[in-house]
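Take a look at the letters that make up each chain.
There are 2 protein chains.
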Amino acid sequence: MEKLTLVKVGGKIVEEPESLAALLAEFAKIEGHKVLVHGGGRSATAIATQLGIESKMVNGRRITDADMLRVVTMVYGGLVNKNIVAQLQKLGLNALGLTGADLNYMRSDIRPVKDVDYGFVGDPKEVNSGLLANLIAQGVVPVLAPLTHDKQGNLLNTNADTIAGEAAKALAKHFEVTLMYCFEKKGVLSNPDDDDSVIPMVDEQLFKKYVDEGVIAGGMIPKIENSLAAVKAGVKQVIITQASDIAHPCGTTIK
Amino acid sequence: MEKLTLVKVGGKIVEEPESLAALLAEFAKIEGHKVLVHGGGRSATAIATQLGIESKMVNGRRITDADMLRVVTMVYGGLVNKNIVAQLQKLGLNALGLTGADLNYMRSDIRPVKDVDYGFVGDPKEVNSGLLANLIAQGVVPVLAPLTHDKQGNLLNTNADTIAGEAAKALAKHFEVTLMYCFEKKGVLSNPDDDDSVIPMVDEQLFKKYVDEGVIAGGMIPKIENSLAAVKAGVKQVIITQASDIAHPCGTTIK
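Top line first, the protein sequences correspond to chains A and B. The opening residue of the first sequence carries number -15 in our numbering; numbering runs sequentially from there. The opening residue of the second sequence carries number -15 in our numbering; numbering runs sequentially from there.
Because the hints were derived from the structure by calculation, they are not lab data. Hints may contain errors.
Said to hold, decoys possible - In the EDC-like style, the derived pairs of lysine to aspartate or glutamate whose C-alpha atoms are separated by at most 20 Å in a straight line are:
id	chain 1	residue 1	chain 2	residue 2
1	B	K135	A	D145
2	A	K74	B	E2
3	A	K135	B	E10
4	B	K74	A	D145
5	A	K74	B	E10
6	A	K170	A	D134
7	A	K135	B	E2
Excised from the complex, chain A in its bound form (with noise of 0.2 Å):
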């Protein structure tokens, strides 16, 4: 099979002009098919505000009313998509911006309302990769937005970790997968106080072990469950590593 790389950036690295050039610039360099997912939180709540709209958080997720739904379909799908499409091309990249709904690759049901509400929020239930694949093989870039649809005309909000997980799942039916999410730091380390300290690898075994220790805590667990989740679904690898080193990625590989 054919290696594909899917790499999933956060929102501030994609926000900023210069960030974003040095970041294309090295994605551009991964040999390879190449998928890029993004976020655009950020940029959502700033022209929220400067609509007049509040942006609610609950458990870091953004509550999606129909004005917020706006918002992001513009911003995510609008704004920031297409400007890192347009770089790209630039780049010589055969870039193409989607949403879930476009090619229906990604459909979601809205999220049942439990403890909270959070809206025109999306869970991702299918994946239809056929399409995907043969574009991808024939040497275009998707570029995925944060967004999903319900095929019942509605978008959904859709957390980009998701989609760059459930994306590379049904990917890896077609290609040998890489998925790497960019961090902030190295990688995963194993002192927090040294930047230095990077775990290079995680298996199902050392993971168990790293958590026993207290060594992998926090928001880093359910990150690495579901890394661990998508390599028992076919994915090759997952890295986590810092948005400068994914052209040669030097950090924690989960496998």
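Using the hints provided, position chain B relative to the given structure of chain A.
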């Protein structure tokens, strides 16, 4: 060659939920391959106003400075385009929203400054229809936003009528193309006071006759000139008709 209908709809119809739903339901009834080109000027003006950005128009065209480019990127490429895509997916059409930067399908030159500096406004120079034609042949329905790019990293605001015409001419290499412009009247009228006085057909000879007689005048002249040029360039016919009639057009056919 297989048939392809390319429908261009102006702003107002696609910007109000009810008229948009009615239009897309009719669009879905068109037999054969389909492409939709949309505007969105009213929404762009409304969002710009909310963001404190003034809309400046010269000769009916929007002056697009850097701030306004951000607005039209959000509104045309995000809000309007992705909502249409989600609605078409609900109707069972496999829609794919595109700007000219996506798949590099339409490259423009920034308009040179003469009397007026239009800013980030592009005039199409190159249409790459190969990948687009492949997708259409596979059942995909492209939804084209009025944005192109210069392949130097800049998105450019581009007139939707122009995009429709250029896309139609390029796709005429692959399909038997009907280009349809949605119009507020039933078609080109021989008597502006009589809505039923639709001229059924205009060719080059009749066009000259109607212009000489003053039957066709004003803004209709360049519209029909462009349509005749599209036919000369390989488009089978151009139809000017009411939005409600696109599935069974009874307007004016230019060929």
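Now the hints, each set against the structure:
1. B/K135 / A/D145: violated, 29 Å
2. A/K74 / B/E2: With a Cα-Cα distance of about 39 Å, the restraint between A/K74 and B/E2 is violated, given a limit of 20 Å.
3. A/K135 / B/E10: Answer holds: A/K135 to B/E10 is near 19 Å, not above 20 Å.
4. B/K74 / A/D145: violated, 26 Å
5. A/K74 / B/E10: Not OK: A/K74 and B/E10 at ~38 Å, beyond 20 Å, violated.
6. A/K170 / A/D134: Not OK: A/K170 and A/D134 at ~37 Å, beyond 20 Å, violated.
7. A/K135 / B/E2: At roughly 18 Å apart (the allowed maximum being 20 Å), B/E2 and A/K135 satisfy the hint.
In this structure, the hints that do not hold are numbers 1, 2, 4, 5 and 6, in rising order.
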